[in-house]
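There are 2 protein chains.
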Amino acid sequence: MEMEFVTGLACVFCGGVYPARYSTCPRCGIQGILDVQYDYAAVRRRLTRRTLARRRDLSQWRYRELLPIRAASAVPDLAVGWTPLTAAPTLARHIGIGSLWLKDDGRNASGSLKDRASAIGVVKAREARRRIIACASTGNAASSCAGMAASMGLRSVIFVPERAPEPKITQLLVFGATVLRVRGSYEDAFQLCQRACAKWGWYNRNSGINPYLVEGKKTVGLEIGEQLGWKPPDWVAVSVGDGCTIAGVWKAFREMKQLGLIARTSRLLGVQAEGAAPVTACWQTGEPLRPLEPHTVADSIAVGVPRNWKKAVIAIQESGGSMLNVSDCEILDAMRDTGRLAGVFAEPAAATAVAGLRRAVTEGTVGRRATAVALVTGNGLKDIQSAKSAVGDPFDIPPDGAGLDEILCQSALC
Amino acid sequence: MEMEFVTGLACVFCGGVYPARYSTCPRCGIQGILDVQYDYAAVRRRLTRRTLARRRDLSQWRYRELLPIRAASAVPDLAVGWTPLTAAPTLARHIGIGSLWLKDDGRNASGSLKDRASAIGVVKAREARRRIIACASTGNAASSCAGMAASMGLRSVIFVPERAPEPKITQLLVFGATVLRVRGSYEDAFQLCQRACAKWGWYNRNSGINPYLVEGKKTVGLEIGEQLGWKPPDWVAVSVGDGCTIAGVWKAFREMKQLGLIARTSRLLGVQAEGAAPVTACWQTGEPLRPLEPHTVADSIAVGVPRNWKKAVIAIQESGGSMLNVSDCEILDAMRDTGRLAGVFAEPAAATAVAGLRRAVTEGTVGRRATAVALVTGNGLKDIQSAKSAVGDPFDIPPDGAGLDEILCQSALC
Numbered sequence: 001m002e003m004e005f006v007t008g009l010a011c012v013f014c015g016g017v018y019p020a021r022y023s024t025c026p027r028c029g030i031q032g033i034l035d036v037q038y039d040y041a042a043v044r045r046r047l048t049r050r051t052l053a054r055r056r057d058l059s060q061w062r063y064r065e066l067l068p069i070r071a072a073s074a075v076p077d078l079a080v081g082w083t084p085l086t087a088a089p090t091l092a093r094h095i096g097i098g099s100l101w102l103k104d105d106g107r108n109a110s111g112s113l114k115d116r117a118s119a120i121g122v123v124k125a126r127e128a129r130r131r132i133i134a135c136a137s138t139g140n141a142a143s144s145c146a147g148m149a150a151s152m153g154l155r156s157v158i159f160v161p162e163r164a165p166e167p168k169i170t171q172l173l174v175f176g177a178t179v180l181r182v183r184g185s186y187e188d189a190f191q192l193c194q195r196a197c198a199k200w201g202w203y204n205r206n207s208g209i210n211p212y213l214v215e216g217k218k219t220v221g222l223e224i225g226e227q228l229g230w231k232p233p234d235w236v237a238v239s240v241g242d243g244c245t246i247a248g249v250w251k252a253f254r255e256m257k258q259l260g261l262i263a264r265t266s267r268l269l270g271v272q273a274e275g276a277a278p279v280t281a282c283w284q285t286g287e288p289l290r291p292l293e294p295h296t297v298a299d300s301i302a303v304g305v306p307r308n309w310k311k312a313v314i315a316i317q318e319s320g321g322s323m324l325n326v327s328d329c330e331i332l333d334a335m336r337d338t339g340r341l342a343g344v345f346a347e348p349a350a351a352t353a354v355a356g357l358r359r360a361v362t363e364g365t366v367g368r369r370a371t372a373v374a375l376v377t378g379n380g381l382k383d384i385q386s387a388k389s390a391v392g393d394p395f396d397i398p399p400d401g402a403g404l405d406e407i408l409c410q411s412a413l414c
Numbered sequence: 415m416e417m418e419f420v421t422g423l424a425c426v427f428c429g430g431v432y433p434a435r436y437s438t439c440p441r442c443g444i445q446g447i448l449d450v451q452y453d454y455a456a457v458r459r460r461l462t463r464r465t466l467a468r469r470r471d472l473s474q475w476r477y478r479e480l481l482p483i484r485a486a487s488a489v490p491d492l493a494v495g496w497t498p499l500t501a502a503p504t505l506a507r508h509i510g511i512g513s514l515w516l517k518d519d520g521r522n523a524s525g526s527l528k529d530r531a532s533a534i535g536v537v538k539a540r541e542a543r544r545r546i547i548a549c550a551s552t553g554n555a556a557s558s559c560a561g562m563a564a565s566m567g568l569r570s571v572i573f574v575p576e577r578a579p580e581p582k583i584t585q586l587l588v589f590g591a592t593v594l595r596v597r598g599s600y601e602d603a604f605q606l607c608q609r610a611c612a613k614w615g616w617y618n619r620n621s622g623i624n625p626y627l628v629e630g631k632k633t634v635g636l637e638i639g640e641q642l643g644w645k646p647p648d649w650v651a652v653s654v655g656d657g658c659t660i661a662g663v664w665k666a667f668r669e670m671k672q673l674g675l676i677a678r679t680s681r682l683l684g685v686q687a688e689g690a691a692p693v694t695a696c697w698q699t700g701e702p703l704r705p706l707e708p709h710t711v712a713d714s715i716a717v718g719v720p721r722n723w724k725k726a727v728i729a730i731q732e733s734g735g736s737m738l739n740v741s742d743c744e745i746l747d748a749m750r751d752t753g754r755l756a757g758v759f760a761e762p763a764a765a766t767a768v769a770g771l772r773r774a775v776t777e778g779t780v781g782r783r784a785t786a787v788a789l790v791t792g793n794g795l796k797d798i799q800s801a802k803s804a805v806g807d808p809f810d811i812p813p814d815g816a817g818l819d820e821i822l823c824q825s826a827l828c
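Those sequence lines, one after another, are chains A and B. If you read the first sequence in my numbering, its first letter stands for residue 1, the second for the next number, and so on. If you read the second sequence in my numbering, its first letter stands for residue 415, the second for the next number, and so on.
So here's chain A without its partners, still in its complex pose (with noise of 0.2 Å):
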């Protein structure tokens, strides 16, 4: 049985359509990213404002039609998406917008927003009959990716660099995936994973050549739509590594308008880290992507090399919206200003939306009456080495607490 809705596979270099059984355009190869296509007049006969208003299923599978699985294949257990889109008055007073909510994807069952992707793709590898699905990463790819298949009842098999830290390779071998940690760099990692999946047969998760991934992260724009009631915000930041979160985004709100859920779509502000930016200097210059080292505290965005970076830029321009750099002391302090006026702990990668939003604001891209939407992509509870960087030390009393009124009064709490 096929996918209901999906009509092929456009090639996003040279525009050519293709049967859904590709993983990369067959002309363009490896460089030729594709992205699925729906039948949009059939959809709009199913989803509309009022059928999913009486949708029951909180998750991201309420958006079944613009996703590209069959419509009687299993999802996981694990809830994934459908998470809250929370009002953050105190913080966009801080930054001078006029209102702002974060769309806390950290919340997520291994938190972040890659679960997204990762479920479509436990769901394909189903679908494909295989029995184990891998993947190269020491980030949020691999634990969604090791969490979903333990929901769906896969093996996993992650490949993780020699410098992969200590806590996100415990959180892989918690959900029981075969981690190979290679004496190696993450490219080394990468090219094993790649050789294993077609030696072995297994599911490839390495979202770079696989085209339905990113349709999961779609999502959470959808969900950006439908939790403010179809009135989008004048603009979303989102943080960009490789591209595709941002691309899925833009793909959302293109899709809610041409199926009439929405009258006009939100501006997409994408924000880059100084230190690895070159989705940001194609953005500017318009030439072609330049491959750097990346240098940066917001790992999840740490990418050199990101291969969704056309994708990325068509969605920024066609959305009219707008690309910066933050700093690391700008996503240090916009981790410290989520939590502390917002209650949300970022991880940095996510808190780089919230940083580019503030500085989009003093530069004069966002207007102050402006409304927006910041993607937090990660909970910040995965990396705290980072956020102990960002916020000093506590006070130290003795127990008689003897200092205790000195330090009140400093701190403007006496």
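Just so you know, these hints were derived from the structure itself, not from any lab. Heads up, some of the hints might be wrong.
Here are some of the chain B residues that sit facing chain A, going by a computed Cβ distance under 10 Å [unchecked claim]: (1) A501; (2) F573; (3) M749; (4) G753; (5) A756.
Stretches of chain A that chain B covers, calculated by requiring three or more beta carbons in the stretch to come under 8 Å of a beta carbon on chain B [stated by the list, open to error]: (6) 78 to 89; (7) 155 to 163; (8) 172 to 185; (9) 340 to 354; (10) 374 to 385; (11) 397 to 409.
We put the beta carbon where it would ideally sit given N, CA and C, even for glycine.
Got chain A sorted already, so can you dock chain B onto it with the hints?
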């Protein structure tokens, strides 16, 4: 304006009922834990299966009539409650029971069930026109207090003992808390906090002397009822530290029965860690509490002097349930099983409920066809160190992949 449905506070020890302005029983003193009483006849007219099905508020505030807050009081912007109830069929088979769901409270804003209580705390603090809320703890109570305070625009002051782990202090600082590290024990920190609250007029979140907080915890039980279509499972497994979570769960079941929402209540399985099991001792012997020095990997339930032991014992008895202890080894096993078979990363105290369920099946207390819910009270990301001791090490391989085939065959992956 008063709390619409609250009729008074009943002392768990002497049974006396007092107006809703005390913290502990005016006759019994600090021992006299108070329990909030409601006008259930009036609540029954408002809270029915039908009215609840129509409510769009997917948070603990959907049960507002059963919470001790004023009708007009503002609640935090942070979403609290209505966490996923995740089916775990593979884990159920592994344990040997008919059906198992995990109530994943690790998805709350600060990563634990304590958010439910702290959310009530900050609402009450605002009702009392306090601008500062304080608590003594290193754990989930502290981080939830700081996070909810941030969301509500309140300041928070947290007293932590010297041995508090740095990651937990970091989380507090991110939420903007003023953190006072006391060079002494938890008891020292607690006493300093009590004195400071009295001196400076701060709102006191220490749950032992605050009858309102546990009402927030109760909502997890109400959600289990509603999410299962008002058909409660045979058993609900809850780890026990202080005792107030399991008491809250039982109160939810009593109330749902009294309101006609459910026909029968679940049995409660109370589970303690072997090295911190004073409540199990009370349950087994019928004698009053004997304080002890707790030793267990499950730090969130490492309580030697539980203040709510009596409420917990009564809850388990009234439910027709049972109580047992599990070893740290069983807890770590359960943590691994919950991760690899259900994709849920539980902190040790949360995995304790799953470990207890497994043991109860082995011992014959819980039948092999039984249906059960295990309460996942906290997110495993909050305590990576314990997880590390549960899972061992990854496989090391060279960049050329030599030895990979052997590893895969060992792992039954080839």
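Okay, the hints, checked on the actual structure:
1. The interface hint given for A501(B) holds, since its Cβ lies 5 Å from the closest Cβ of chain A, which is under the 10 Å cut-off.
2. With a least beta-carbon distance of about 9 Å to chain A, the hint placing F573(B) at the interface is held under the 10 Å criterion.
3. About 7 Å separates the beta-carbon of M749(B) from the nearest beta-carbon of chain A, less than 10 Å, and the hint is met.
4. Nearest Cβ of chain A to the Cβ of G753(B): about 4 Å, under the 10 Å cut. The hint holds.
5. Below 10 Å, beta-carbon pairs count as interface contacts, and A756(B) has one with chain A at about 6 Å; its hint therefore holds.
6. Coverage of the segment 78 to 89 of chain A by chain B holds. Counting CB-CB distances below 8 Å, 7 residues qualify, and the rule asks for three or more.
7. Given as covered by chain B, the segment 155 to 163 of chain A passes the check, having 3 residues with a CB less than 8 Å from a CB of that chain where 3 are the minimum.
8. Coverage of the segment 172 to 185 of chain A by chain B holds [criterion: at least 3 residues with CB-CB distance below 8 Å; count 13].
9. Residues of the segment 340 to 354 of chain A with a Cβ under 8 Å from some Cβ of chain B number 6, which satisfies the need for three, so the listed coverage holds.
10. For the segment 374 to 385 of chain A, the stated coverage by chain B is satisfied: 5 residues place a CB nearer than 8 Å to a CB of that chain, which reaches the threshold of 3.
11. Given a C-beta distance limit of less than 8 Å, the hint that chain B covers the segment 397 to 409 of chain A holds, as 7 residues qualify and 3 suffice.
Figure legend: structure checked against the earlier numbered hints; every hint is met.
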